[in-house]
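Enquirer: My request is simple: use the sequences and hints to build the entire structure.
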Amino acid sequence: MTLDPALLHILACPVCRGGLEIMGEAEGLACARCAVVYPIRDEIPVMLAEEAVAFREWSAGKREAVPLPPKP
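The numbering of the sequence shown is the working numbering, which starts it at 1 and goes up by one.
By construction, these hints were calculated from the structure, which means they are not laboratory data. Just so you know, these numbers come straight off a predicted model, no measurement behind them. Just so it is clear, CB atoms sit at the ideal spot from N, CA and C, and this is done for glycine as well. A couple of the hints might just be wrong.
Unchecked claim - Label-pair distances were calculated between CB atoms; the ranges are:
no., residue 1, residue 2, range
1, Glu27, Ala49, 17 to 23 Å
2, Leu7, Ala32, 14 to 20 Å
3, Glu57, Ala26, 14 to 20 Å
4, His9, Asp42, 17 to 23 Å
Expert: If you want it as structure tokens, here you go:
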């Protein structure tokens, strides 16, 4: 899947409103501030905080959500 660069430019992390980067072969959108990845399913970014996967889990191959730490 290819994500339209214009879409990536307007999307933001739903938790911190930070910018996002494409992970891997457009498998997810990463927020460096929150250290999470939002999965892309059926070519649709799932931009829900409860669906975010921690970087460490994503890197280990896990593609399902884990609870986010509380926001300060």
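Enquirer: Output the indices of the hints that this structure fails to meet, ascending.
Expert: Violated hints: none at all, because every hint is consistent with the structure.
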